[in-house]
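*Asks:* These are the residues of each chain, in order.
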Amino acid sequence: MSFFGFGQSAEIDIVLNDAETKKKVEHKTEDGKKDKYFLFYDGETVSGKVNVTLKNPGKRFEHQGIKIEFIGQIELYYDRGNHHEFVSLVKDLARPGELTQSQTFDFEFTHVEKPYESYTGQNVKLRYFLRATISRRLNDITKEMDIVVHTLSTYPELNSSIKMEVGIEDCLHIEFEYNKSKYHLKDVIVGKIYFLLVRIKIKHMEIDIIKRETTGTGPNVYHENDTIAKYEIMDGAPVRGESIPIRLFLAGYEMTPTMRDINKKFSVRYYLNLVLIDEEERRYFKQQEITLWRKGDIVRKSMSHQAAIASQRFEGSATAEKALAQAKEDSN
Amino acid sequence: MPATQQSMQDDQEKLLDEAVQAVKVQSFQMKRCLDKNKLMDALKHASNTLGELRTSMLSPKSYYELYMAISDELHYLEIYLTDEFAKGRKVADLYELVQYAGNIIPRLYLLITVGVVYVKSFSQSRRDILKDLVEMCRGVQHPLRGLFLRNYLLQCTRNVLPDDGEVTEEGTTGDINDSVDFVLLNFAEMNKLWVRMQHQGHSRDREKREKERQELRILVGTNLVRLSQLEGVNVDKYTQVVLPGILDQAVNCRDSLAQEYLMECIIQVFPDEFHLQTLNSFLRACAELHQNVNVKNIIIALIDRLALFAHREDGPGIPADIKLFDVFSQQVASVIQSRQEMPSEDVVSLQVSLINLAMKCYPDRIDYVDKVLETTLEIFNKMNLEHMATSSAVSKELMRLLKIPVDIYNNILTVLQLQHFHPLFEYFDYESRKIMSSYMLGNTLDNNTVIKAQEQVDAVLKLVSTLIQDQPDQPSEDPDPEDFAEEQNLVGRFIHMLHSEDPDQQYMILNTARKHFGAGGNQRIRFTLPPLVFAAYQLAFRYKESSSVDEKWEKKCQKIFSFAHQTISALIKAELAELPLRLFLQGALAAGEIGFENHETVAYEFMSQAFSLYEDEISDSKAQLSAITLIIGTFERSKCFSEENHEPLRTQCALAASKLLKKADQCRAVGTCAQLFWSGRSSDKNGEEIQDEKRVMECLKKALKIANQCMDSSLQVQLFIEILNRYIYFHEKQNEAVTVQVLNQLIQKVQDDLPNLEACEEAELIKKHFHNTLEHLRVRKESSEADGAAYDGLLL
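Protein chains in written order, with the numbering used here: chain A, -6 to 325; chain B, 242 to 1037.
FYI, nobody ran anything at the bench for these hints, they're computed from the structure.
Keep in mind that a hint or two might mislead.
Claimed, not checked - Some chain B residues flagged as far from chain A (calculated, every beta-carbon gap over 10 Å):
| id | residue |
| --- | --- |
| 1 | Y317 |
| 2 | D334 |
| 3 | Q396 |
| 4 | Q441 |
| 5 | D562 |
| 6 | S570 |
| 7 | D605 |
| 8 | D699 |
| 9 | R823 |
What the hints assert, rightly or not - With a cut-off of at most 25 Å between alpha-carbon atoms, the simulated SDA-like pairs for lysine to any residue come out as follows:
| id | chain 1 | residue 1 | chain 2 | residue 2 |
| --- | --- | --- | --- | --- |
| 10 | A | K196 | B | K302 |
| 11 | B | K285 | A | I302 |
| 12 | B | K372 | A | S81 |
| 13 | A | K279 | B | N344 |
| 14 | B | K285 | A | M296 |
| 15 | A | K194 | B | S312 |
| 16 | B | K285 | B | S312 |
| 17 | B | K331 | A | M296 |
Just so it is clear, the structure is predicted and the values come from calculations on it, not from any experiment.
For glycine and all other residues, C-beta sits at the position ideal for the given N, C-alpha and C.
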């Protein structure tokens, strides 16, 4: 990087220590493209080398110091100028001086705290990156390397089902039940819907997964809703007493763990929206928030085991079904 | 309307055509992707193909065609995947992957397709997957789409359902119970969808909807077929799980169309051995069906099937521990009880099939048949039915019911053992009773059923009394004479079936019959009493035959003749003359021939009765002539009269003959009388012929004299020729008084008169008669040596 065509210039290259074996994951960038990045977890040491390569070997290279930073920051798109860094670690690699040849510097950020998950949203981005800087009098030479952080959660201790009775008086009365309230990202939602009273001509029923990204605070709160999935679960008009199974695999959709009030800057929440559409295209719906979390990788299983997972159904604890069954018996 | 119908049809064709085209394009793409091993793309095209089945625009028929086209394509996919899996190229999470399809119809079709591949390839997952498929299909609640989806499920799984006796790999899951649960659940859901169709759309389309439902019923029925094909569904499983499951659905769906079909389906699909073990529960369910259901047809179908089964030669028959008849009898009764609105003809139809059952399965149990009749009777009593019109359905059914024992037993005596036959009979109106009575008599005659006992005679005649006596409810106008005659002739023929080997019994039979027929009224007795009289004469002859063993035979004969006398007198009272006259004459002959003590008195009485009938009652000249001819003839045959009686009778005959009105009649009758004086016999001369030459000649001369008085010349010639023939007869019999001269004279007379006759057909006949007479004489003359008569001097 030479401005005047003379003098010495250098290039920086950051190489992670276990780059050969380190797992990479896809991550969406702001422009919507997907790239592969090294994957890190909270508390994991980030170590590697910074290679400074001189363009003109043999010539001296003066600098004001070489450092490497580990930064986690939140960028709000409406406030481009301000980056909120929630992690910022610095390691000096070399005191101001001269380099006479290309040189490699080892670095290590031990047990780095990475509290949040990398995220690229509609209005906000949370990113982690390494930045190597060679300070110079006129212009610094820098190099950044993005990494992706996944926040793993442990299995939630309390994970009750979501059960609710909703309806419109004398018109439609249903009870639905989802087997859990917290799902990991490769989980499957199973549930059931009981029709207790049906006096409208339902055409079909679907479950939508809605992502709601909330940014800003106070009066400047911004909501961005995004329908991640539209999933038809019933075709035609049921009658009283029917129970319709729900089974929705999450792995196929691009989702992140639920993020609540990340650094007081933003939230990403997920909702299941149960929608009934009648013959006049009227929509009746009920939203329920679910919590998504990230679980460690699933071990590969045999085909029949896969099938067993893929065919799981929610047998239901709903009281409605029992009540209906009882009612049926009584009427006979 | 036809125009819109046509356009609707065109629309359907167009829509179907478009859909099928889309299917072709997408499935072609699918196959190309499969060839290139691009499974995910192939699945996407498969899903697109299946998207066509989401339509609501197609009629059931068009939808079916589309479904068939698509299921062919899916079959290709299934085979591909099965092959791939067999080669070890397993696609991880395939069962999960297909579930990402956003629309439920394509998703579930794919799930089934892939599911079956899993079941085939990884038998450990069989139980889970089958259960999953049938449960997940609940998502389709649209009747038409749901029915076809579940039909697809049923079709795809038909070869992979767990069953007894199958050969499986280790670790295979699922047993017969899973299969039964699977099919039963699928059946229940399909039935619900099918029933639901009825309640969708406008009520004005009801008929169309029912028609469409009828077209789709086979889809529901296939479930039952599948159950019946499972080896593991044995009698026990059927009794304990399968049938209760089906019946539960059938009864609780409260849809008459479904109930009717399902019940019939059960009967047809499952083997007879199963039905035999589940009669009670099946029939109990019948009682609970919708009022609109034609339960009758269902029960009849079952009965007919079992009756056939019982009858089958290679079959095991009805197990002894199953009281088939009792069960049916009770259950049918409770079905009827539970269905107050059931038309009475249907009630009777049920009894018809019960009787058929009893007849076919228990041919010896007359009591069963009677039990059915009793039940029917009780029902009628409760319904307070009066005489049922012949045209009414219930009357027709009752006739069907009552004809069965008649037809099967082919013996009216067996029918008589049915205590409740006759009371039921009384529910018919006049017309039906008549038809039925004729039917029974016809049957008796066809089968030559001999009725041997007085009580039986009494019972039969009471039963068919409609034909025998006037009825309070008979129509006031007279019946068609021909029909009436035919009917009464039948009764007359029937009398000959009343026959006991024991003469005394026979006598009682006749007396009983006489009592019944005697009350028949003037129109009937002319048909019914004569056979009875003849039967009496016949009986008298039988007594004579048994004279050596029966000391009292003569007394009995006398009684019989007074019976006959009485009977004939009844006919006289009915203002009949010729018939009783003939019967008297017949009686006189019979009495004479039998020759019991007092027979002459009897014969004389009968003859004199005939005479007085002749004198008092017969006025028509033609009838008089034929009557007197008969009397003369009968008298001529009688040998029983002493001279004391013979003389007045023959004189009376001659007198009566000469008193006839017309000369020609007189002439002929007097001529006939001549016979009496020749070949008549009286007992005094040991039965020798009288051969009173003088009196014979007197008669003939008198006849000639009368003929001379005849004005009609052709008639006169005819009479002359007839008299000539009489002369010739007596000449041949060697009556000395008849000489050749007499003959010549008469011949000459005729020859003189003949040419004067006007040429006509009649004249020709007369000439021919004369010619034949002369020809006869010529022959006799030529062979005159053969007999004693002399022909010398005969001029021909």
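*Asks:* Does each hint fit the structure? Answer for all of them.
*Replies:* Now the hints, each set against the structure:
1. At roughly 22 Å, the least C-beta separation between B/Y317 and chain A is larger than 10 Å, which holds for a residue marked as non-interface.
2. With a cut of 10 Å on Cβ distances, B/D334 falls inside the contact zone with chain A, its closest approach being about 6 Å.
3. No Cβ of chain A approaches the Cβ of B/Q396 within 10 Å, the least distance being about 20 Å, so the stated non-interface status holds.
4. Interface exclusion of B/Q441 from chain A breaks down, the closest Cβ pair being 8 Å apart, not more than 10 Å.
5. A cut-off of 10 Å between C-beta atoms confirms that B/D562 is not in contact with chain A; the least separation is 31 Å.
6. The beta carbon of B/S570 is kept farther than 10 Å from every beta carbon of chain A, the shortest such distance being approximately 27 Å.
7. B/D605, annotated as away from the interface, keeps every beta carbon of chain A farther than 10 Å; the closest lies near 43 Å.
8. Non-interface status of B/D699 relative to chain A is upheld: no Cβ of that chain comes within 10 Å, the nearest being about 56 Å off.
9. Once the 10 Å rule is applied to beta carbons, B/R823 is consistent with being away from chain A; the minimum gap is 79 Å.
10. With a C-alpha separation of about 22 Å, the suggested pairing of A/K196 with B/K302 holds against the 25 Å cut-off.
11. Distance check on the hinted pair: B/K285 and A/I302 sit about 23 Å apart at the alpha-carbon level, within 25 Å; holds.
12. At roughly 55 Å between alpha-carbon atoms, B/K372 and A/S81 are farther apart than 25 Å, so this suggested pair is violated.
13. With a C-alpha separation of about 20 Å, the suggested pair A/K279 and B/N344 falls inside the 25 Å cut-off, and the hint holds.
14. Simply put, B/K285 and A/M296 have alpha-carbon atoms about 22 Å apart, close enough for the 25 Å limit, and the pair holds.
15. A threshold of 25 Å between alpha carbons decides the hint, and for A/K194 with B/S312 the separation of about 29 Å lies outside it, so the pair is violated.
16. Under the criterion of a C-alpha separation no larger than 25 Å, the hint pairing B/K285 with B/S312 is consistent with the structure, at around 16 Å.
17. Taking the CA atoms of B/K331 and A/M296, the gap is near 8 Å; set against the 25 Å cutoff, the hint holds.
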